[in-house]
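Generate the whole structure from the sequences, applying the supplied hints.
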Amino acid sequence: MIITGEMILLFLAIISALFSVVYFFWKDREKTNATFTRIKDETNAELSEIRKDNNTNFNELKTLFFGIRENYVRHDVCDKRRKECPCVEKMKRIEEIVNLNEK
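Just so you know, our numbering puts 7 at position 7 of the sequence shown, and the rest follows in order with no gaps.
If you're looking for bench data, these hints aren't it; they were derived computationally from the structure. Zero decoy hints are in this set.
Straight-line distance between alpha carbons at most 25 Å, and here's what the computed SDA-like set of lysine to any residue pairs gives:
(1) K27 x R38
(2) K27 x D41
(3) K40 x I97
(4) K27 x S16
(5) K31 x V98
(6) K92 x T35
(7) K31 x E42
(8) K31 x A45
(9) K27 x K40
(10) K27 x A17
(11) K90 x E42
(12) K90 x N44
(13) K92 x T37
(14) K27 x L100
(15) K31 x A17
(16) K31 x L100
(17) K40 x N99
(18) K92 x D41
(19) K27 x N101
(20) K27 x V98
(21) K31 x N99
(22) K90 x L47
(23) K90 x L100
(24) K31 x T43
(25) K92 x A45
(26) K31 x D41
(27) K27 x L12
(28) K92 x N44
(29) K40 x R93
(30) K40 x E95
(31) K27 x I15
(32) K40 x E89
(33) K31 x E96
Derived CB-CB ranges, DEER-like:
(34) A13 x A34: 26 to 34 Å
(35) T4 x L100: 56 to 64 Å
(36) F11 x I39: 39 to 47 Å
(37) T35 x R93: 14 to 22 Å
(38) I8 x E96: 55 to 63 Å
For each residue, glycine too, the CB sits at the ideal point set by N, CA and C.
Written out as structure tokens, the structure is:
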């Protein structure tokens, strides 16, 4: 088989097209990963601030976050459930961040 200039050019065109498609998907994946990492970091920072400031139980925060017992948090200090507590506003902020980023 004799390799001509046109065959070499065709081979290079196919290889460059393949690299272009791979780069397109790779670049999009990196941007998506960066967005999800940022969302995860913001949410973890808010949750750790709530746990540190109010000395709350993380399982109770998860219960509050998923809406099973909405607007109620059990504090480890007094071991009572209170509807109005300092971390309700912070939890609403976290829910807004998650809801905006899910869309």
